[in-house]
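**Student:** Number 1260 in the numbering used here belongs to position 240 of the sequence shown; there are no gaps in the numbering.
Simulated from the structure, these hints should not be mistaken for lab results. Please note that the accuracy of each hint is not assured.
As the list claims (entries may be wrong) - With a Cα cut of at most 20 Å, we get these calculated DMTMM-like pairs of lysine to aspartate or glutamate: (1) Lys1229 / Asp1117; (2) Lys1172 / Glu1209; (3) Lys1172 / Glu1104; (4) Lys1172 / Glu1230; (5) Lys1172 / Glu1133; (6) Lys1172 / Glu1073.
Unchecked claim - So the derived label-pair ranges between C-beta atoms look like this: (7) Glu1230 / Ser1184: 20 to 28 Å; (8) Glu1166 / Ala1119: 46 to 54 Å; (9) Leu1024 / Ala1119: 46 to 54 Å; (10) Ala1154 / Leu1036: 25 to 33 Å.
Even glycine gets a Cβ: it sits at the ideal position worked out from N, Cα and C.
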Amino acid sequence: MDDLAADAASGIICALDVRSMCRLAGVSVLWRSLVRADEAAWRERAREIGLTERLPGCNSWMNAVAGGWSVCVGDAFEVEDTYEMTAVARVMAVVNDSAHGPLLLCHFEGWSESWFMWLHRQHDQARIRPLTAALPGIGSAGFYNEQSYRDKLDMVRQRLAAGSAWPPTRGRPRGIWPWPYQQGRPSSEQPANFTISITDPHAWLLTQKERPFCPCAELAASPSDCLRAWCAATLSLAADLTEAPVDP
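Required output: the full structure, derived from the provided sequences and hints.
**Tutor:** And the structure:
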């Protein structure tokens, strides 16, 4: 690639957000190489999520961004529910299951225990949006405080360790439920309970990266943190940048 073409490619990459950069990296081996190597673009993406310097041992801005992109228990974002309304939801569990793929268990803040929702981090990307100061859809119980959040989290972990079934939320007739409740079945079919078993709860708990509790209003006051939480929930940066197709 000559210098003019390289400059043009860099201009394209720098104009993209992280998700679009990852999609571009999936086009070909050449684009993957260009995206991975564009330090200026990755430094700008790092700045957008509040990273101003690389940690010791981190050899590129792309790796710095990837390191800051881990989804955390306690992250919050806005999720489209099964009534096609948008409401604040908290991450209560992160599960990478061999049969079902990368999953999040979320709870709609302020709502009853019937408003837990499993989301697939790829198939349900369109349902998830960054948290905003509007904080839509808070239920009648109001915002979490640290104790109510911890009580809910402890209950979730006990249920997961016991391998209980998670019923789908209520919703509109002919509504669209998240992938775990449909799993490829036609949307005309009724959603089914979703059952998942944690075979080694102790080992699984060690994988749960948990952020210190923070009220939603404080989270929403940091757009960069909201952007990080949203992107972390909806993509696996390392996989998107390493599993590009091979050129024919």
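**Student:** Now tell me, hint by hint, if it's right for this structure.
**Tutor:** Status of the hints after comparison with the structure:
1. Lys1229 / Asp1117: Answer holds: Lys1229 to Asp1117 is near 16 Å, not above 20 Å.
2. Lys1172 / Glu1209: The given pair, whose Cα atoms are some 31 Å apart, is violated under the 20 Å limit.
3. Lys1172 / Glu1104: The hint is violated at about 25 Å.
4. Lys1172 / Glu1230: holds, 14 Å
5. Lys1172 / Glu1133: With a Cα-Cα distance of about 9 Å, the restraint between Lys1172 and Glu1133 holds, given a limit of 20 Å.
6. Lys1172 / Glu1073: violated, 35 Å
7. Glu1230 / Ser1184: 20 to 28 Å: This hint holds: roughly 21 Å between Cβ atoms.
8. Glu1166 / Ala1119: 46 to 54 Å: Violated - the Cβ-Cβ distance for Glu1166 and Ala1119, about 34 Å, lies outside 46 to 54 Å.
9. Leu1024 / Ala1119: 46 to 54 Å: At 49 Å between Cβs, range holds.
10. Ala1154 / Leu1036: 25 to 33 Å: With Cβ atoms ~26 Å apart, the hint holds.
When held up to the earlier numbered hints, the structure conflicts with 2, 3, 6, 8 and fits the remainder.
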